[in-house]
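The whole structure should be built from the sequences, with the hints applied where relevant.
Chains C and P supply the protein sequences, listed in that same order.
With the numbering used here applied, the first sequence covers 1457 to 2027.
With the numbering used here applied, the second sequence covers 5 to 154.
Since the hints were derived computationally from the structure, they do not count as laboratory data.
Calculated cross-link-like contacts (lysine-lysine; reagent style DSS-like; alpha-carbon spacing at most 25 Å):
#1 C:Lys1954 to P:Lys87
#2 C:Lys1944 to P:Lys116
#3 P:Lys20 to C:Lys2022
#4 C:Lys1941 to P:Lys114
#5 C:Lys1944 to P:Lys119
#6 C:Lys1957 to P:Lys116
#7 C:Lys1941 to P:Lys116
#8 C:Lys1944 to P:Lys114
#9 C:Lys1954 to P:Lys116
#10 P:Lys114 to C:Lys1954
#11 C:Lys1526 to C:Lys1782
To spell it out: a stretch of chain P is covered by chain C in this simulated footprint if at least three of its residues, at any positions, have a beta carbon under 8 Å from a beta carbon of chain C; those stretches are:
#12 21-29
#13 33-40
#14 54-63
#15 73-81
#16 103-111
#17 121-129
On a predicted model such as this, the values are computed, not experimentally measured, just so you know.
Just so it is clear, CB atoms sit at the ideal spot from N, CA and C, and this is done for glycine as well.
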Amino acid sequence: MGKDSYWSSKLSEISSARSRGNESFEKWSRSTLEPWNRETGYKEKEYENSSGIPLRPVYTSRDLPENYEKDLLGMPGEYPYTRGIYPNMYRGRHWTMRMFSGFGTPEDTNRRLKYLISHGESGLSIAFDMPTLYGYDCDNRRAEGEVGKCGVNVSSLRDMEVIFDGIDLSKVSTSMTINAPSIVLLAMYLAVARKQGVPFSKVSGTVQADILKEYIAQKEWMYPPEAHLRIIRDMMVYCTDNVPKWNYISISGYHIREAGSSAVQELAFTLADGFHYVEMGKKAGLNVDDFAPRLSFFFNSSINFFEEIAKMRAARRIWATVLKEKYGAKNPKSMTLRFHTQTSGYTLTWQQPINNVVRTSIEAMAAVLGGTQSLHTNSYDEAWALPSEDAVKVALRSQQIIAEETGIPDVIDPLGGSYYVEWLTSEMEERAFRYFDEIEKVGGILEAIKKGYVQKEIAITSYRRQTRIEEGREVMVGVNKYVEKDEKPIRILRISRKAQKAQTERLRTVKESRDEAKVRASLEKLEQAMMDDSVNLMPYVIDAVESYCTLEEISNIGRKVFGGWKEPVIV
Amino acid sequence: MADGKNQSLFKDKPVKVLLAKPGIDGHDRGMFVLARAFRDAGMDVLYAGLLPTPEEVVDTAVNEDVDVIALSLLNGAHMVVFKKVADLMKKRGITDIAVVGGGTIPDSDKPKLEKIGVSGNYGPGTRLSIIIDHVRERAAEARKKKMGSE
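Following this line, the structure appears as C-alpha cells:
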C-alpha cells in the first residue's frame, strides 16, 4: 500500500461518524435492564465474537452514523454495494453451487468433468494434488504417497491434454485452484486451447494465484514473494492483452481464516492483499478499470452467524469505497466485490460428525445472507478424511434446501437495516481500517508478511481461541461439552495408490518421446527471461510447456534463478 | 554410566520436542498451536519448517538431541510418510527418541502406526492437555534410554 495517509484519514472519518453516544440505550439500561437484573439476580456476562468485539445486549438506530442509510447502505446494485452487487441478487439466479473436487488420475478427472458437463454444468472446478501445488513432478521422492490424493496430478502438458480430452474449451469455464505454479497450469490450459483451435480470446476461467495469502496462511510457495508477485504481474498484463476473459487472481481470505485468524483479520488482511494487487497492476502501467473487474474474492463462512454476514457486507463496502476514492476507479465493475464462499473446515469436529451437517448449513445460510456469488459447502466427514460421495451429496442438498425451501433468497439483503447487523458491519469496517493503517506503518502488506507481522497476529488469535476452548469459555459441542464416550466410526473415503504408478509411468513415456533439444532450448530461453524483470514470462512458459518440459523442470528454473524462501520465525 | 547409576546434573532439563510436517503439506495451524502449548508447558520446542524430508527430520532430531519428534499431517499421506520416518529410525537404530503423530488420521490407521512406533495419532478436537501428557510420557521413556538405566 502507498505511503499516503489515506488509511488514517479514512479511519478517523469512519470513527468520528460513529461516535454519537446512545442516550436511549443508556436510559433503558439504567431504568429497565439494571433493575430487572437486580431483581432476578442475573449477573451481566461478557459477550464477544470471534474478532474479540464486545457485544451489548441490544442495539438501536443511534448506534449507526447519521448518514448511514444514504451514504453507507445504498440500494442493491448501487454504490457502495453494502446490500449486494446486483440489483436483483438471487431473484435473477441463485448463487452458483460450486463444489470443489478433484481426484486421482487425469483420466478419472476427465470422466468426472464429462459427467458434470452432461448434467448441464459449464463451470468446471479442479483441485490439484500436493506435489502439483508445490511444483513437483509425480516422480519426485517428496511426492511419494501424495500423488492424486487431494486432487488430480499434473506433471506435464500431456496430463492436461488428458483432463480436457473431448471437452471444448470455448464452451466451458474452468476454475483451477492453484497458486505458486499457476503460470505453468495456465500456460498448459492455453496450450490445450491452441491445440483445439480455440482462440485465447474465447478462453475463460480462473486461477487462484493469490500468492500473498500463501505466505500468510496456506504456505504453498516456491520462490521469495517478489518473484511470485512478478510472475502474477506478468499473468495480469498478458491476460489483460490476450486472454480478456481470464480471472487471474482470486484473492482469498479462506485460508487466512482457516489458519486461525478472526473474522476481522480475515477481512483486513484479504483486502490489504487485494489493494496490493491493484497497486501492482497500476505500477505495471495498466488502467485500473482494465483489470480490477477481473479480480474476485474468496471468503470463509464460519460459525458466528451475524459476524460472518457483517464481514461480507463490510468487505463489499470497503472495496467499493477504496477502489473509487483511492485508486480512481470509474467503472462500477471495478468497485463491485464478487466473491466465492466456502464453509469453515476448522469448525467441523471429528467427534459426532453428523453434527457437522448442522454447522455447515448455518454457515451456508450466513454466506447467502451475506450475498455470496458462489458457495462450496463442506462435507460432514472432512475432519476424518477426504469426503465420501454420500457426505458430499448431503452438503450439496443443504444448499439446495436453503435455495429452494427456506425463502431466504427471496428478498435481497433481508438483514439490511437491522441495528445490530448494521452496527457490526460498521464496527468491522472500522477495525479493518485500523489494520490497514497499522499495516502501512509496518511498511505495507508485503513488508508486514516478510516480517511475520501478519502471521504472528493470526497465531496469537488462533492460540487464544484454542485456550478458550480448553478452558470451556468457548463451546464446541461434542468436543468440550455434551461429550460422548463411545464414538461410532463412520465410513470414510480411501484413495488408492494407483494414481502414483500410472502418473509416473506416463511421465516416463513423455520424457522418452519428447524432443530433448527443444526442451533444453525452451528452458534456457525461460531462464534468460526470468533473469530480466522487464520481460513478460507468459510466452516463455507457454513455449516450455508446449515443448513438454515438466512442471518441476520449469519450476526448478525458477528455483535456480529466484531461490527459495524460508518463512520468518514467529513462534 | 560409570557406576551403573546416572549422575547427570541435567536430568531434569526441559523436554525437547521437534515439530515437523514431513512430506508436502502446508496445514500448519495445529503445529503452531502445539508449539505455543508445548512452550507454555515448559518444553523446548523446535519447528522443522515446511516440507522437510523424512531424512532431514531424523537428522535434525539426532543433531539437536531431542526427546520427541512430533509429526503432523493433514493431507492423508501419514501411512506413507510417518512410516518413512519410523523406518529410518529403525534402520539407524535410534531408540532414544520417541515419535508421536497427529492430524487427520482415521481410527483404523492408528493401530498400524502404533505398531511401527508412532504413538498418539491425535485427531482434530483433542485437548492440548492430553497431547502434552502423552509427549511428556514418551519423552520420559526416551530420556531413560538416553541416560541408561538408573
